[in-house]
Every structure is written in structure tokens, then in C-alpha cells.
Amino acid sequence: MSHQNLRGWMYSAPSVLMMGLLLFGPLLAVLFISLTDWQLGQDSFSFTGLGNFRALFADAVFLKSLRNTCIYVLLVVSGTVILGLLVAILLESSDGLKGFYRTAHFVPVMAAASAMAVVWGTMLHPTIGLFNRVLHVFGYASISWLRDERTALLSLVVIGIWQGFGYAMVLFISGLKAVPQSLYDAAEVDGADGVVDRLRFVILPMMGPVLMFVVIVTAVRAFSVFDTVRVLTGGGPNYSTDVLLYRLYTESFDYLRTGYGAALTVVFLIIVVVLTLVQAKVMDKRVHYS
Amino acid sequence: MAAIDLLGIEKRYGATSVLKDVSLSIQDGEFLTLVGPSGCGKSTLLRIIAGLESADSGQVRIAGRDVAGDRPKQRNVAMVFQSYALYPHLTVFDNIVMPLRMQRLTSAQRFPLLGRLMPGRNRIEREIRAEGEEVAAMLGVGHLLERKPGQLSGGQRQRVALGRAMVRHPAAFLMDEPLSNLDAKLRVQMRTEIMSLHRELGTTFVYVTHDQAEAMTMSDRVAVMMDGELLQLAGPEQLYADPDDLRVAEMIGSPQINVIPAGMLAGAHRAAWGLPQEVATVAFRPERGSITQQSDATLNGVVSMSENLGADIFVHVRLDGDAGTVVVRTGADGPRHAAGEVVGVSVEGREVLWFDAGKKRIRRQDAEVLAA
Amino acid sequence: MKPLLLGKTGKVVRHVVLVATALFALLPFVWMLSLSVKPAGEIFQADFHLLPSSLAGLDNYRTVFANAPMLRFLLNGVLVCGSIFVLQLLVCIPCAYALAKLRFRGRDTLFSVVLIALLIPPQVLSVPHFILLYYTHLLDSYGALILPWIFSAFGVFLLRQFFRTIPDELIQAAQLDGLSESTIIWRIMIPMSAPAIAAFGIFSVVSHWNDLFWPLIALRHVELATPALGILLFRDDEFGQQFGPLMAATVVIVTPLIVVFLSAQRRFIDGLTIHTMK
Chain A
7 MSHQNLRGWM YSAPSVLMMG LLLFGPLLAV LFISLTDWQL GQDSFSFTGL GNFRALFADA
67 VFLKSLRNTC IYVLLVVSGT VILGLLVAIL LESSDGLKGF YRTAHFVPVM AAASAMAVVW
127 GTMLHPTIGL FNRVLHVFGY ASISWLRDER TALLSLVVIG IWQGFGYAMV LFISGLKAVP
187 QSLYDAAEVD GADGVVDRLR FVILPMMGPV LMFVVIVTAV RAFSVFDTVR VLTGGGPNYS
247 TDVLLYRLYT ESFDYLRTGY GAALTVVFLI IVVVLTLVQA KVMDKRVHYS
Chain B
33 MAAIDLLGIE KRYGATSVLK DVSLSIQDGE FLTLVGPSGC GKSTLLRIIA GLESADSGQV
93 RIAGRDVAGD RPKQRNVAMV FQSYALYPHL TVFDNIVMPL RMQRLTSAQR FPLLGRLMPG
153 RNRIEREIRA EGEEVAAMLG VGHLLERKPG QLSGGQRQRV ALGRAMVRHP AAFLMDEPLS
213 NLDAKLRVQM RTEIMSLHRE LGTTFVYVTH DQAEAMTMSD RVAVMMDGEL LQLAGPEQLY
273 ADPDDLRVAE MIGSPQINVI PAGMLAGAHR AAWGLPQEVA TVAFRPERGS ITQQSDATLN
333 GVVSMSENLG ADIFVHVRLD GDAGTVVVRT GADGPRHAAG EVVGVSVEGR EVLWFDAGKK
393 RIRRQDAEVL AA
Chain C
4 MKPLLLGKTG KVVRHVVLVA TALFALLPFV WMLSLSVKPA GEIFQADFHL LPSSLAGLDN
64 YRTVFANAPM LRFLLNGVLV CGSIFVLQLL VCIPCAYALA KLRFRGRDTL FSVVLIALLI
124 PPQVLSVPHF ILLYYTHLLD SYGALILPWI FSAFGVFLLR QFFRTIPDEL IQAAQLDGLS
184 ESTIIWRIMI PMSAPAIAAF GIFSVVSHWN DLFWPLIALR HVELATPALG ILLFRDDEFG
244 QQFGPLMAAT VVIVTPLIVV FLSAQRRFID GLTIHTMK
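Chains as they are written, first to last, in this note's numbering: chain A, 7 to 296; chain B, 33 to 404; chain C, 4 to 281.
In isolation and in its complexed conformation, chain A is listed as follows (with noise of 0.2 Å):
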């Protein structure tokens, strides 16, 4: 037995290794160093206990940045899941071009988000833009979509919309197989048999696991969002695109506040374990037949 166990944790041993290197030890870093005042490059700093967390939900421009992530997260993952449902149903009903389809939709997912979004940042011009002379041939006059306050952040969730609703719609497409065909027969012979019944009494019904894990796994990541509001707006104007992690970058890494930004990734490493810790639980419960 022993032997064994010598052996178990011999492979194992990089791993642990790195892990512990890696992963656990910055994450007691991280905890560690939100109780102080510590800026990197200094000697010295004292503990200020839960001084930093105070700071922060004092902070109007943290609160801020709080408030416009929670817009984000939730207009994206609504726009993302009710899209990506949307195509995944259209697709999966008919057999017409449906490889091109799903290679289109798909691809805004592969494309790096940085490149794109100086793509967007074009397309999103003021006088030679897209969008922009689309308006102008309407009659109607230029948007400044960036900068602007009212359309920034709309226009940042467009883009993440545009980013995930194809990832969405590849896992409602395997959500949508996994549904038996004998419910839908059985719906057709009780009288079920329109569109509207069939979604009611079918598809949404045997797709609710599924929904609920896609509408996590959206979440998580736009409230990862990061990259479109570094390169469209900086986090302006006027604050109105600072989102938590671009908060977590500048304050750890422009202004070296490295106690109060561990306090600000504190706070966000709890909101996305809370997120995927409840659809764990979600999923426990929600399954409806073995």
C-alpha cells in the first residue's frame, strides 16, 4: 500500500506543486494582502483589516463600475441566451444550410476579442462608420456611439452579445438533441402541436437544466468582461463603461494600489463563485426525469 502511495503522489507531486504555487498560494495572497495598505515596490505596509473593503463600497467610482457590470451582465446574458435559443431552435428544424449556419454564427467565438473589438471600434465611427452612414442614408444625424454616455455601454453590450450568442447556441443545439422525440409525438397526438404549445409544454420544459447553465456560463464571463472596454472606451466616458475587472486592472496596475485592488478581486472572485456554485445546486435539483 504504501508503495502505492509513494507512487500516487510522486505523479502527482507537480501538479500539487504548481497548485499550491500557482493557484492556492496567490489566492491567500490575494486574501492577505485585501487586509492591508500594501502598494507594490514598498517596504513596508500595515494591516488595515476590512479598511480597504470600506474604502471600496465608499468609492462612487467602484459602485459605479458594480452598478454598470450588473447592467452589462444582464442585458448581455438576456440578449445572448433569447439569441442564441432563437438560432439554435430555427437551426435544429430544418435541414437547409444548417452546417453553414452554425459555422457563421459560431465564429464571432473564435475571433480574439481584442482584434474585434478595434474591428467594432470602426464600424462604430462617427462620420465613417457603419452604422453611422446607415443613419446618415435614414435622414438621421451622427451618433458619437462611444462617446457618448447614454449609447457607450449599450454599444459595449451589443458587441458582447455579438461575441457569446453563437457559444450559446451551440449548447442549446445539444440541449435541443438530448429532447426525445416521443414527447414531442406525444404533445402532437394530445393536440399540442403548434409552435407556441410546442415550446410551452416541450422544449422549454426538457431544456431547463440546459437554460440555466447556459445562463451561468454567459454570466460568468461577461462579468469577466474586460478586453472591449480597454480598447473602445477605457472605462468612460465619464465612468459610464468601468466595469469590475477593468476597476481590479487600473487600480492594481496603473496606480499600483495593490491593497485595495486585492480587496476589489476579493469581491469579484466571491460574486463568481457564488454564480457557479448556484448552478451547481440548480442543476442538482433540476433534473427532471433519470
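Read the hints as simulated data drawn from the structure, not as lab findings. Predicted model, so just to flag it, every value in this text is computed and none were measured. One should not assume that every hint holds.
Calculated pairs, DSS-like style, for lysine-lysine (alpha carbon to alpha carbon, straight line, at most 27 Å) [as the list claims (entries may be wrong)]:
{"no.": "1", "chain 1": "A", "residue 1": "Lys183", "chain 2": "B", "residue 2": "Lys180"}
{"no.": "2", "chain 1": "B", "residue 1": "Lys217", "chain 2": "B", "residue 2": "Lys180"}
{"no.": "3", "chain 1": "C", "residue 1": "Lys5", "chain 2": "B", "residue 2": "Lys105"}
{"no.": "4", "chain 1": "B", "residue 1": "Lys105", "chain 2": "C", "residue 2": "Lys11"}
{"no.": "5", "chain 1": "A", "residue 1": "Lys183", "chain 2": "B", "residue 2": "Lys105"}
{"no.": "6", "chain 1": "C", "residue 1": "Lys5", "chain 2": "A", "residue 2": "Lys104"}
{"no.": "7", "chain 1": "B", "residue 1": "Lys105", "chain 2": "C", "residue 2": "Lys14"}
{"no.": "8", "chain 1": "C", "residue 1": "Lys11", "chain 2": "A", "residue 2": "Lys104"}
{"no.": "9", "chain 1": "B", "residue 1": "Lys52", "chain 2": "B", "residue 2": "Lys392"}
{"no.": "10", "chain 1": "C", "residue 1": "Lys14", "chain 2": "A", "residue 2": "Lys183"}
{"no.": "11", "chain 1": "A", "residue 1": "Lys183", "chain 2": "C", "residue 2": "Lys104"}
{"no.": "12", "chain 1": "B", "residue 1": "Lys180", "chain 2": "C", "residue 2": "Lys5"}
Following the hints, complete the assembly by docking chains B and C onto the known chain A.
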């Protein structure tokens, strides 16, 4: 309550022909089973009757009416599925009365929450509730009405599925292997329940199964299908004793009928049994043979094993000259035969069934007519 | 198993809607390509045509390659992502094997720890990783880009699940034939796990290739930039102010992964969705 007529049904999937010119008439109120191995087309035929699939050619008539354009809900048939197909998020009660709600309530009345405010809705709901509870009580699931399907056992789920079918008082019940997902003991129990249900309701039952024992015990008539063709439609006894086709003979009856290629028989046998030339295969049931001493008039071989099932003993005899193995039933009171014993199997000429090279049955009267 | 039953009109409606959404998905790519082959004059023209009037815009590409280390960025991407993946395999495969096939004390605890590690989003560790690299003077190097990622909890999880499906009897038979344990891992388990390794590889390479956050933090030198950072640097540079060359640069950055994707779609989609289907 209706008769169902199928005329010349054909169905292809791509290049494969799944149903080849199938015609059969199901009488009003009878229990008819479609039996055959998987892939023989029986489920497809059932689905065509229901309207879930359409035939490439041929006609389906229910209660005398051609139902070609009718959607499933218009055909007044109810279907019970192998996987029960219950709505997972609805309670047992909602599952059972779903067809009634679909039939009697308008879309507005069915609208979630607000539908309750529509006029007439509450009265209809009360009627539906009474009917649903009645059916549930009949099937013994009255105490489960508030549960969801996920909380029920297999047997209970099947009963709820039956309830959903019964509540519509359909012209016919279509059942697609409803018992295949249940364990053996439950299956036997549900078999008798379905049979008594049929007696009680008197409705036409069209039942699909691959289990020949189920077909034989439950049905008024059995349609044996293979490779998309209807081989024979007859009552169980006739199928057993008087099969039209070798494949029917092999499918029906357990243990399987003994089959010997006629070419393997000694000339003496051919003469003793009076086999006409066209006979390519002979067959006889295990209970029609008996173990005796070897002689010219018996099929000779060596006992390979003896299955002792208590009341019956099945003796397996490997025939000489690679003619195959035959199984003979002997009573528990008779002599025991051990492996290795050299024996002869004797079968009376008239118990031997004849089949031609195309697996079709040759009956003695026909043969005599041919010879004459 | 079609969700909706569509008649003739239904099928037409389906095509109309799907073409619209596909257009939405592909629009930025079409725009990007279109602008990349247009000279500055055309881009700023008052009237707009999708197709360029001439191929004069191909100059944009020349400008890009002359003034930005595009190939360097792509090569960095290959180098960094490739190294990360290889190192991940070296670290994770033995651990996954041990968790799947060996019995040792603390095994189940170790697996729970791996599962917990799955919960941690990578950005959370950026500050301490930065600190670690700062004090070991490894910042602003290839090491900074590679080292924080050489362990992947997801890799251990995925491979362990897959290894578990390999029958014990197969391994025992190999042992009876005299194969050493490392040979068994190398010659039997790894080849049999090719689909899982491929899926993990795709997931790992795509996420690191597209990552902006960490390279932005860890690098100062332009020559080390990976593609996602590279395009940002180009945009902030002189020639990136012009849309023609800028779009040409994005084409260069985005095309490699898309081309690979198009040639192995099934694998890609499986690889990227397997992460979430755990």
C-alpha cells in the same frame, strides 16, 4: 370505437424500403398486436396510423374515413409510448388531462394565469377535473395527482401515460412497446392490467411489441411483420399451429420450432413422411417429437444437453451428419437422457410442417392438388 | 428530433431569420475585410461601397508588415500557446493518471481540491502572479507569459475523467506483458485519450491566443507581444491610426485561428464546449 383499415401502405427512408405494400384490417374493438424483430416496420406502421408520419403511398381509414390529411389530434386516437413521454414539468393530474384541455379550452383560456379570467373556463375546468380524477382512480394513481413524473416509479408512470390516453375516450389505443422499459415481474402484471382494461373499455387496441409471448397472450389477432412485410395475420393458435411462413413459425413459440433442411434428411425419411419434391425445409414443434431408440424411421443423433425446467425437460439432440440440433420436450415423469446418449427422435408425419425454398408453407391439400 | 414542424412558409421564414442573424455575426468580418483593401481616400469617401474600386488598398498590408512585427506577434502566439499546452500536459497527465488509476491515501481529497481550483477565475490571480514574477525578475519575458499557466485544473479534471473510462483490464494486461508504468502511460493511455487531449488543447490554445488581460499586465516589450496584445499596440501606434492598415492588421491577427477553425470545426466546437459541459 372504430375499425382501422390499412391499404397498400408503403414507406421509404431514402433508399431503404421500411414498409412494403402492407394491407391489414383491424376490427372494431379487437386487440391486435403487431409483432416482429426491431426494424421490421411495426412502429412505423403505428406512427402512420397515428398521423405522426405519412405513408409514401396507400390509404389509412379510421372508422371508414380516409384520414390522409388529418393531423394526429384530429384522428381521435390515443398513443402510449415505450418511454412514457410524460410532460416532465407538469403534475400527474395535468399530464392526464392535457388532451382534454387542448380539445376544450381555447388558446385564450389556456393562457397561464390570465386564462382563469376568461369566461367559461372555470366550468370547463371543473368538468375536466372530474373526468381526470375518475380515470386516475380507475388506474390506481388517484393519490399521486400532485406529484411530478420524476417522482414516480416506472409502473406508476406507465399508468399515468395510460390515463392520459384513456381520458380522451379515443376511437383506438395505439401502444408502442409500452412495457419494454419495465422489469420482468412488473411487465407480466401490467400485461394483465392492460388486458382487463381492454375487456372493460371494449375499445380497439393496436399493440406493438417484439416479444412474441406478449403478443400471444394478449391478443385477439396477431400480425407478424418482418422486413417491412406483413407475413401473416391470424389468431394466436392458428399462428402457432398453422403458420404461413417459416419465419412466422420461427418467431412464434418458445422454445423455437425445430428446423431441418430437407436435403439433410435421409431418403427413408422423405419417403416415410411423404415429402413432395418442393419441400426445402421441414419443421416440428418440440412437444411433437419423442425420444426413442435409433432406427431408420427416426432422426438419429447424440444428446448434447438436457434442460430440466421442473415440469418439463427439454432434450437437445445433435443430429448426425451436421443436420443441426433439435429440441424435444419430454415430461418430468419419463426417463432421463444424459449428454452423450445415442438416441433417435421420432416425429409423426402429420406433425411435420413443410416449407418451400421461398420459406412459404406447403400445406398437404395443396400438395395433393399439385400432384394430381 | 426537430423542435419545430415547419411547412413551406415556415422554412422560408427560417432562412430569412437565420440569414439575418448570420449577417449580424459576420458583419464585422466583412467590414474588416472590405476596409483592409481600401486606400485611405476611399474609406473617407462620402458615398460608400462595400467592394473596393481597385486593389490599391493592398498597400495597406504592405504598410502593416513593414511597420509592425505582425509575424512576430503570430510567432509569439504560437510559441507561447504551444509551450503552455505542452507544459500543461507534462504537469497534468501524471496527476490525472494517478487520480484515475492509482489508489493512494488522500486521493479523493486531492480530487476535491482540483475541483475547487476549477472555481477560481484566472483574473483573480493576476496580482499575486505579477508580484511573484516581479520579485523573481521574470516580468516582461516569455516566462512571464507561460509560467503562470502551466497548471490547468481543467486539464487534470478532463483527463482524469477520460482516463477513468479506459478499462483497468487493459492496463493490467499491459503490466502482465511486462510494460513499465511510464510506458503504459506513454504508449497506451495517451494515444487512447487523443480526443480528450485534442479538446483540451483547443480550449487551452484558443483561450491563451485570445487573452489580452495577462499579456497587457505582464509585458512592456513590444517584441514579446502575443496576437491579442499586438493588435492593440499597433492601433496605438502611428500607422494604426489609419483605418486601412489597421483593418489589414486585424485581418492578419484574426485569420490564422479562423482558418484552423474552419478546417476542423467539429473538434473546435467540441473542445470549446466540453469545458462547460462538465
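So, going through the hints one by one against the coordinates:
no. : hint                  : verdict
1   : A/Lys183 <-> B/Lys180 : 23 Å, holds
2   : B/Lys217 <-> B/Lys180 : 24 Å, holds
3   : C/Lys5 <-> B/Lys105   : 19 Å, holds
4   : B/Lys105 <-> C/Lys11  : 21 Å, holds
5   : A/Lys183 <-> B/Lys105 : 25 Å, holds
6   : C/Lys5 <-> A/Lys104   : 12 Å, holds
7   : B/Lys105 <-> C/Lys14  : 23 Å, holds
8   : C/Lys11 <-> A/Lys104  : 17 Å, holds
9   : B/Lys52 <-> B/Lys392  : 18 Å, holds
10  : C/Lys14 <-> A/Lys183  : 19 Å, holds
11  : A/Lys183 <-> C/Lys104 : 33 Å, violated
12  : B/Lys180 <-> C/Lys5   : 25 Å, holds
Checked against the numbered hints above, the structure violates only hint 11.
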